[in-house]
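Engineer: Read off the chains here:
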Amino acid sequence: MNRRDLLRASAAAGAAAALPRASFAQPAQSRVLKMVPQANLTSLDPIWTTANITRNHGHMIYDSLYGLDAQFRPQPQMAEGHVAENDGKTVTITLREGLKFHDGERVRAQDAVPSIKRWMRRNPFGQKLATVVDDIEVVDDRRLRFRLKRAFPLLFKALGQVSNSPAFIMPQRLAETDPFQQVREAIGSGPFKFKADEFNSGSRVVYERFADYVPVANGTPSLTAGPKVAHFDRVEWHIIVDAATAAAALQTGEIDWYEQPPPEIQQLLRRNRQIAIEAIDPLPLTGILRFNHLHAPFNDKKMRQAILPAISQEDFMQAIVGTDPATYFTNVGLFTPGTPLANDAGMGPLTGPRSLDRAKALMREAGYTNQPMRLIGPTDILAPSAMTQVCADLVRRLGFNADIVLTDWGTVVQRRTSREPVDKGGWSMLLTAFSSFDFADPAAHFPVRGNGAQAWVGWPTVPRLEELRDAWFDAPDLAAEQRIAREMQTVAMDELPYVPVGSYLSLTAIKRNLTNRVPGLALFWNIRRA
Amino acid sequence: MFAYVVRRVLATIPVMAVVALFVFSLLYIAPGDPAAVIAGDQATPEDVERIRQSLGLDRPYLVRFGAWVFDILRGDLGVSIFTNLPVVTMIKQRIEPTLSLMLVTLILAVSIAIPMGVVAAWKVGTWIDRSVMGFAVLGFSVPVFVVGYLLAYVFALELDWLPVQGYTSFSEGLWPWFENLILPAIALGSVYIALIARITRATMLEVLQQDYIRTARAKGAGQTSILFLHALKNAAVPIVTVIGIGIALLIGGAVVTESVFAIPGLGRLTVDAILRRDYPVIQGVVLLFSFVYVLVNLAIDLLYTLFDPRIRY
Numbered sequence: 001m002n003r004r005d006l007l008r009a010s011a012a013a014g015a016a017a018a019l020p021r022a023s024f025a026q027p028a029q030s031r032v033l034k035m036v037p038q039a040n041l042t043s044l045d046p047i048w049t050t051a052n053i054t055r056n057h058g059h060m061i062y063d064s065l066y067g068l069d070a071q072f073r074p075q076p077q078m079a080e081g082h083v084a085e086n087d088g089k090t091v092t093i094t095l096r097e098g099l100k101f102h103d104g105e106r107v108r109a110q111d112a113v114p115s116i117k118r119w120m121r122r123n124p125f126g127q128k129l130a131t132v133v134d135d136i137e138v139v140d141d142r143r144l145r146f147r148l149k150r151a152f153p154l155l156f157k158a159l160g161q162v163s164n165s166p167a168f169i170m171p172q173r174l175a176e177t178d179p180f181q182q183v184r185e186a187i188g189s190g191p192f193k194f195k196a197d198e199f200n201s202g203s204r205v206v207y208e209r210f211a212d213y214v215p216v217a218n219g220t221p222s223l224t225a226g227p228k229v230a231h232f233d234r235v236e237w238h239i240i241v242d243a244a245t246a247a248a249a250l251q252t253g254e255i256d257w258y259e260q261p262p263p264e265i266q267q268l269l270r271r272n273r274q275i276a277i278e279a280i281d282p283l284p285l286t287g288i289l290r291f292n293h294l295h296a297p298f299n300d301k302k303m304r305q306a307i308l309p310a311i312s313q314e315d316f317m318q319a320i321v322g323t324d325p326a327t328y329f330t331n332v333g334l335f336t337p338g339t340p341l342a343n344d345a346g347m348g349p350l351t352g353p354r355s356l357d358r359a360k361a362l363m364r365e366a367g368y369t370n371q372p373m374r375l376i377g378p379t380d381i382l383a384p385s386a387m388t389q390v391c392a393d394l395v396r397r398l399g400f401n402a403d404i405v406l407t408d409w410g411t412v413v414q415r416r417t418s419r420e421p422v423d424k425g426g427w428s429m430l431l432t433a434f435s436s437f438d439f440a441d442p443a444a445h446f447p448v449r450g451n452g453a454q455a456w457v458g459w460p461t462v463p464r465l466e467e468l469r470d471a472w473f474d475a476p477d478l479a480a481e482q483r484i485a486r487e488m489q490t491v492a493m494d495e496l497p498y499v500p501v502g503s504y505l506s507l508t509a510i511k512r513n514l515t516n517r518v519p520g521l522a523l524f525w526n527i528r529r530a
Numbered sequence: 001m002f003a004y005v006v007r008r009v010l011a012t013i014p015v016m017a018v019v020a021l022f023v024f025s026l027l028y029i030a031p032g033d034p035a036a037v038i039a040g041d042q043a044t045p046e047d048v049e050r051i052r053q054s055l056g057l058d059r060p061y062l063v064r065f066g067a068w069v070f071d072i073l074r075g076d077l078g079v080s081i082f083t084n085l086p087v088v089t090m091i092k093q094r095i096e097p098t099l100s101l102m103l104v105t106l107i108l109a110v111s112i113a114i115p116m117g118v119v120a121a122w123k124v125g126t127w128i129d130r131s132v133m134g135f136a137v138l139g140f141s142v143p144v145f146v147v148g149y150l151l152a153y154v155f156a157l158e159l160d161w162l163p164v165q166g167y168t169s170f171s172e173g174l175w176p177w178f179e180n181l182i183l184p185a186i187a188l189g190s191v192y193i194a195l196i197a198r199i200t201r202a203t204m205l206e207v208l209q210q211d212y213i214r215t216a217r218a219k220g221a222g223q224t225s226i227l228f229l230h231a232l233k234n235a236a237v238p239i240v241t242v243i244g245i246g247i248a249l250l251i252g253g254a255v256v257t258e259s260v261f262a263i264p265g266l267g268r269l270t271v272d273a274i275l276r277r278d279y280p281v282i283q284g285v286v287l288l289f290s291f292v293y294v295l296v297n298l299a300i301d302l303l304y305t306l307f308d309p310r311i312r313y
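These protein sequence lines are chains A and B, in that order. When we follow full-length UniProt numbering, the leftmost residue of the first sequence carries the number 1, and every step to the right adds one. When we follow full-length UniProt numbering, the leftmost residue of the second sequence carries the number 1, and every step to the right adds one.
Hints were generated in silico from the structure; no laboratory data involved. Only a predicted model underlies this, so the values are computations on that prediction, with no experimental measurement involved. Worth double-checking, as some hints may not be accurate.
Claimed, not checked - Lysine-lysine pairs mimicking DSBU-like chemistry, simulated, CA-CA at most 30 Å apart: (1) B/K233 with B/K219; (2) B/K233 with A/K195; (3) A/K89 with A/K34; (4) A/K302 with A/K195; (5) B/K92 with A/K34; (6) A/K195 with A/K100.
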């Protein structure tokens, strides 16, 4: 017995009257998994907002018709299977039997159809799908039918999208909510139930195993595909904003898992033999340097190209994850390293010898005459903040007349939407990072889009990129997809809607007695305590 | 006296009105857009605008301010933009940890600092006095978060006597509640102890020079009786004033302490809301803090009459 136990025991006698009522009802600690998530959960509707933490919350409580395995292949999840007819223009999906929502109601096609329609209004992949959908209709309680204008080979991949925002199925009464308004309840049919009565945003989020969940009968758990078997009765997310405190809580056993410890904390935790530091996703995130294409100096392609010889992906990545080469990737192009579309086309300007002088010469050739430029970035989010610091140093060394504006993320998010020139509060450059899912293929890869005013902030106009993206959606097989991906990268590395500045692994700290974790995201099925 | 209290309570109304106007205006002109945060990277400008409309953020300043004030007068602080929960509910969830932290800190600080200051004044010029003053300088100089980290490292990580983080409600037991507050209260109280100890010492030194203290000694009163009954009571007014002013110090310090020890209190709620631009929550919490501060000042003014009967309202 240590001192703390002794104090506890002595106090227990005196405080018997006030002993915890709830503690007697709590499940055994071994059936409870406590994690510090990457961020605070504020919004509960994963269609309404694209926050990653809300997406992770979505995977806890919702399910989707299809899941994606680690190779990004769609597999039936809530769906039992499908029948394609009429040259692929009519697709009928049948729901598995026995699916229930957390309120006890059966999951029906009447729930799935409005859920998919709501998702299609907000999600870019869904919006693309909507352009080929004539109608989605309820055939009966267990069957829904897509009537398409033409065959859409990526239908199941779209329905199984893992990242922002997955096509989660909600009860009809919630799914019919305006997609620009938040649903009022968090009721899904996933492996865990959300405990609304214990939700304290900024402090604790609690989930309970859904006893009536029926996992897929066959297959192996892989990303969001395969059986989702919950081995914990209760999962608690403890919001601890201070990294040192979270690390200490992991070391003392107050928590089991710390999703995103910063690099300096990882070093500390590596010394503890009970804690494993491992990649939460074997595929890396990718950092990008985004230009504002509307105004000088980077509305000129030659100016964008001029800085390439000075970009060292290694410098950017080491600022995020440190010097261990096992934790970052260089020579990174448009697509996530390790995924089928990743390639080396057009990468010459980023992979040759790095030279500040060469970049300065190209800037002179491009006619740079000390026009003001503004780099904006956050101070409160690790990766974008670190990359912005590297870029700030780089633009100063290159001799740009640079205004470096560092603020909190909330301000950056607003400021980057400004289409004004620099002298009216606009911006020229910013850095941010995207998950492996976002850059795995052109569907969710919005920074590569070249649709001008409709594009993501920076607003590049590159019609060829749009044509290639459209062609990719119709690609008949992987070889065709890869051909298109190579050409997209060649065009992108010439036009430079952005510059990829490397990829890095997101490392997580987890107790070694937790095994069978599903790689990819913070997912809570299959994982168990040894 | 009663009339004075009524007057002071009524005087809080214009104060709160000014605070409300100031907070609302400040947030209105501050950069940041919650709709853009909610919509995420992939959203089109039209999507962001639709969310802005649905949240009522596109309405003119006066319309929004008028609606907010109208709701406040009905006791409704609004609904969080992000969680969809009423601000009152969110404050209710968070008020207990903050009040607990402040209460324990206050009790701890007063019970340590006043005897320290009294003893330092009594033993002025000795090593005891110098030690107390040295501690006070340290208390002022070392930031709360450094004290917090040190305490957590020694007492939680190394000795495993106390938990690193978290909060347990009082309803779940006295010891679980207190156990989680010991380290944060010491960390938060360090500056407060220093402040009160210094002011107690200074005031006591002045009082101990007074004729009536010499008279008390001449009459054979004991040292303890002289220090704590005769001198301390007469030194109480400035000490109580500093304790009151220190409440603001505690509110500010609570933000840091709650972060370091992961206490789900109002301080963290405020910071989180500011970072997300959750306007209704920021407005609600700032109004509450202002109201509490006004009430504390009123309570301090009333306490003066207890310690100094010459003071009448």
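Engineer: Each of the hints needs a verdict: does it hold here or not?
Structural biologist: Here is how each hint holds up against the structure:
1. B/K233 with B/K219: holds, 19 Å
2. B/K233 with A/K195: Not satisfied, since the Cα-Cα distance of roughly 53 Å exceeds 30 Å.
3. A/K89 with A/K34: Violated, at roughly 46 Å.
4. A/K302 with A/K195: Between A/K302 and A/K195 the Cα gap is close to 55 Å, so the pair fails against 30 Å, i.e. violated.
5. B/K92 with A/K34: At roughly 24 Å apart (the allowed maximum being 30 Å), A/K34 and B/K92 satisfy the hint.
6. A/K195 with A/K100: holds, 17 Å
Hint compliance for this structure: hints 2, 3 and 4 are not met, and every other hint is.
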